[in-house]
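> In order, the protein sequence lines correspond to chains A and B.
Each residue of the first sequence is one higher than the last, beginning at 33 in my numbering.
Each residue of the second sequence is one higher than the last, beginning at 4 in my numbering.
Bear in mind the hints are in silico, worked out from the structure with no lab data behind them.
Be careful, since some hints might not be right.
[To be verified] Taking lysine-lysine pairs in the DSBU-like style, the calculated list, with each CA pair at most 35 Å apart, reads:
1. B:K11 <-> A:K146
2. A:K146 <-> A:K51
3. B:K11 <-> A:K45
4. A:K51 <-> B:K11
5. A:K146 <-> A:K45
[Claimed, not checked] Just some of the chain B residues that point at chain A, by a computed CB distance under 7 Å:
6. W12
7. A15
8. A16
9. C19
10. L22
11. G26
12. I29
13. Y30
14. N33
[As the list claims (entries may be wrong)] Some, not all, of what chain A presents toward chain B, calculated at C-beta under 10 Å:
15. A152
16. I180
17. G185
18. E193
19. V194
Ideal Cβ placement from N, Cα and C applies to all residues, glycine included.
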Amino acid sequence: MDDPSNSLSAQTKINPTQKATIMAIMTAAAVATNYMLIGAINIKFMDLIVFTTGYVLGPLPGAGVGAMVWAVYGTLNPYGFSLPVLAATMLGETIYGYAGGAIRNRMNVGMTLKPDIRLAVIGFMLTFVYDLFTNIVSAITAGVPIMIGLIAGVPFSLVHEVSNAAFFAFGFPPLVRGIRQVLRMNE
Amino acid sequence: MMNQDTYKWIAAALFCTTLIAGGATIYLNNQVATIRADYQETLGELDMLTIKVNIKIDYGNETVQWYNDTRVPVGANLLNATAITAELDITTSTFGAFVSGINGVGGDANTWWLWEYYEEGWMPGMVGAEQWVLHNGDTVAWTYTSFS
Numbered sequence: 033m034d035d036p037s038n039s040l041s042a043q044t045k046i047n048p049t050q051k052a053t054i055m056a057i058m059t060a061a062a063v064a065t066n067y068m069l070i071g072a073i074n075i076k077f078m079d080l081i082v083f084t085t086g087y088v089l090g091p092l093p094g095a096g097v098g099a100m101v102w103a104v105y106g107t108l109n110p111y112g113f114s115l116p117v118l119a120a121t122m123l124g125e126t127i128y129g130y131a132g133g134a135i136r137n138r139m140n141v142g143m144t145l146k147p148d149i150r151l152a153v154i155g156f157m158l159t160f161v162y163d164l165f166t167n168i169v170s171a172i173t174a175g176v177p178i179m180i181g182l183i184a185g186v187p188f189s190l191v192h193e194v195s196n197a198a199f200f201a202f203g204f205p206p207l208v209r210g211i212r213q214v215l216r217m218n219e
Numbered sequence: 004m005m006n007q008d009t010y011k012w013i014a015a016a017l018f019c020t021t022l023i024a025g026g027a028t029i030y031l032n033n034q035v036a037t038i039r040a041d042y043q044e045t046l047g048e049l050d051m052l053t054i055k056v057n058i059k060i061d062y063g064n065e066t067v068q069w070y071n072d073t074r075v076p077v078g079a080n081l082l083n084a085t086a087i088t089a090e091l092d093i094t095t096s097t098f099g100a101f102v103s104g105i106n107g108v109g110g111d112a113n114t115w116w117l118w119e120y121y122e123e124g125w126m127p128g129m130v131g132a133e134q135w136v137l138h139n140g141d142t143v144a145w146t147y148t149s150f151s
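Chain A on its own, in the form it takes in the complex (with noise of 0.2 Å):
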């Protein structure tokens, strides 16, 4: 385990305006990428954005800032709105921002910018569970057999989990530094 006193949350102290502002941005971050990217199906940068809000800020920002994204994309979205799945997905996206804020002070991140593995297991191990808890949702309400749904989901959650393994893996260190710097700069 990292010596928590690495940190972000101990090296830099986030004011209450410095963390809505964050989470302002991380939101629209997150909403314009996954617009700009519609037509990669389940490939988004919202997952990342997500979880590193929950590392920088804490598990119920991040949190909070994953259920907004969806909030908004899930209900503006070209592929229909459905409530269940609206719900689902909201509720599933929290899950990235809490583990962003549970490995906080478990894991020291984005000292170096150079990928590391254990965020690529992470995202992937996160994003298998946002998967099967939202295509499992998605085959209920479909009406369809859960087997049957997360069976035919299967591609498109290994796209989901491969590509969000590499974003976590290369993305996220040089966005928790750039974070950090862009805080330590306002200090």
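Place chain B on chain A using the hints.
Relative to chain A, chain B alone:
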């Protein structure tokens, strides 16, 4: 020397690859089962539209080809069925179609392609090939026969 944490992360990474492989296996297995079921259903539908016949082609030089379980449309005649399995040279006259060559073999003096059907032994065809309607399971033969 790797510490315990490193082993844990390696194990977690391997677990991820297991999940990928497991998911892909279940999906592909399901795809195969679906395709197999579709194939069987299509075969069933095909059985309603086609019949299976056995066609023998004897070139008269000890070369014999069998086309067993050849699918032909319901109501197909011997000429149509043979044309599905082999290249035919056909001469058409007022008496009907006459097979003068099969797969490039034919045209020799006093040598003809004759056909037979099997019914407790080989029986010579008494009508033109295009007038002999085939039924499921029929066995027919073309033999290049010399009369010299």
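> Are the hints correct? Go through all of them and say.
Right, here's what the structure says about each hint:
1. B:K11 <-> A:K146: 20 Å, holds
2. A:K146 <-> A:K51: 26 Å, holds
3. B:K11 <-> A:K45: 32 Å, holds
4. A:K51 <-> B:K11: 34 Å, holds
5. A:K146 <-> A:K45: 25 Å, holds
6. W12: 5 Å, holds
7. A15: At 5 Å from the nearest chain A Cβ, A15 (chain B) passes the 7 Å test, so the hint holds.
8. A16: Check passed: Cβ of A16 (chain B) comes within 5 Å of chain A, closer than 7 Å.
9. C19: The hint holds - C19 (chain B) has a Cβ within 7 Å of chain A, the shortest such distance being about 4 Å.
10. L22: Result: holds, 6 Å to nearest chain A Cβ.
11. G26: 5 Å, holds
12. I29: Hint on I29 (chain B): holds, closest Cβ of chain A at ~6 Å, below 7 Å.
13. Y30: Holds, about 4 Å.
14. N33: 5 Å, holds
15. A152: 7 Å, holds
16. I180: 9 Å, holds
17. G185: 9 Å, holds
18. E193: 7 Å, holds
19. V194: 7 Å, holds
Checked against the numbered hints listed earlier, the structure breaks none of them; every hint is satisfied.
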